[in-house]
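Spelled out from the first residue to the last, the chains are:
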Amino acid sequence: MMQALQDSLVATAQGLPVTLAIWIAAVLLGMAGGFVVGALRFFSPWPLALPLSVAVEAVRGTPFLVQCFLLYFGGPFIGIDLAPLTAGLLALSVYGAAYFSEVFRAGFMAVPPGQLEVARMLGLSRFQAVLRIMLPVMALGVLPSLANLCVILIKETAVLSIITVPELTFRVQGVGTATFAFAETMLVLALVYWALAELTAWGARAAERRIERALAA
Amino acid sequence: MSPILQLRGLQRRVGSTEILRGIDLDVMPGEVIGVIGPSGSGKSSLLRCIAGLDEIAGGSVQVEGRATQPGDGAIGMVFQQFNLWPHLSARDNVSLALRLVRKMPAAAAAEKAEAALAQVGLGALAARKPAALSGGQQQRVAIARSLAMEPRVLLFDEPTAALDPELTTEVLDVIRNLAASGTTMLVVSHEMGFVAGLAHRVVFLDHGQMVQTGTPQVIFSEAAEPRIRSFLQTYLSRVAWVQG
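Sequences listed follow chains A and B, in order. Per this note's numbering, residue 1 is the first one in the first sequence, and the count goes up by one each step. Per this note's numbering, residue 1001 is the first one in the second sequence, and the count goes up by one each step.
Keep in mind that the hints were calculated from the coordinates and are not lab data. Honestly, I wouldn't trust all of these hints.
[Stated by the list, open to error] If the Cβ cut is set under 8 Å, some of the chain B residues that face chain A in the computed set are:
{"id": "1", "residue": "M1028"}
{"id": "2", "residue": "A1051"}
{"id": "3", "residue": "R1066"}
{"id": "4", "residue": "P1070"}
{"id": "5", "residue": "G1071"}
{"id": "6", "residue": "N1083"}
{"id": "7", "residue": "H1087"}
{"id": "8", "residue": "M1104"}
{"id": "9", "residue": "P1105"}
{"id": "10", "residue": "L1133"}
{"id": "11", "residue": "S1134"}
{"id": "12", "residue": "A1180"}
{"id": "13", "residue": "V1218"}
{"id": "14", "residue": "F1220"}
{"id": "15", "residue": "W1241"}
Computed from a prediction, not measured in an experiment: that's the story for all the values here. A virtual CB, placed ideally from N, CA and C, is assigned to each residue, including glycine.
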């Protein structure tokens, strides 16, 4: 058993950088894409908003595992032949973008209309009102939800093991398969993810407190 | 002297519901008009139509003989819900439009904002964010924000309705000072004593119609119109019950 634990730690050290890299990249890409989609859905006329909302619903309505399979194994049938890492990053970014877009859209909707009416009365242009009032007010409102999604995405990286992305779960699972110490290796895995999630949540709370302090000044 | 604000046959409709049914009103420079009436009588709609925030179905709104639109600086409006921008300090709430719309340099805009805040008694709190201000202080910042743009006419839509009773006084005092300094304004309020003491003229609205307009004395003491009597009686009996 000690050997299995030791091997798990080595596998963790190998897989962790890949997990972190995919996670950070997917968070950045997903947030950027989600912001664009959320803004388009909020500001655009329905002919543009409708297809986007169908796409978001499709991603939100299907399991991430199935999406990974479809992209990685189904992709080659329509000429999309991606390496596991690329496919994994793409899948996670699209998945994240769908959820991020909903957070941003809700954020836009939550900006009190009265705050924008004042901007209009005072003569701000629509663009100025969006840039100077709507975006900052929205950003404050969506921060907790964004942090929550980041924590969810770090756990979803585990699913990428299924399409052989050499991340944390894939590496540690390999140790389990080799040593038959499935329970021990999975326990190590659970603890590492938990630690990552706690760290993220802690960072998010610190950021929130900073913003709250800045607002209450 | 010609009126600064002129309403002619002002109508507003939402679907098939008539919200305002042809309002005519001339407001002279420096005049303070109190607008009273039951809930749903169209008081807020009247102000929003004057401000250009709600679309009118007929008639006209003119300030100094010209049609207005939101943002042209003719009209300022103070809302029930303050609507301060939470990410900006009191000073920046007031100075933002001075910088972006009036194109004032930042330093000059900040100076003017501080003068406006001083005018409402908040000179010392200019650096505070809205969350660090009381409701009454927030509403005073909102008033300063409108004042700084020097509108020709200032509209108050139930400025104290969202405030605790002990915080209304400071806001009413600010509005009183503005009235005394000759600011032209329309005030929608349920503070009858305040309206009676402040307004040069009171407009009583019911079902989107101007039932009667006259001096506070006329409306509050002498009006024979049954709708006004019954409205005032309801109001007075509520106050009497609170006062025990």
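Next on the checklist: I'd like to know which numbered hints this structure contradicts. Please list them from smallest to largest.
Outcome noted: 1, 3, 8, 9, 10, 11, 12, 13, 14 and 15
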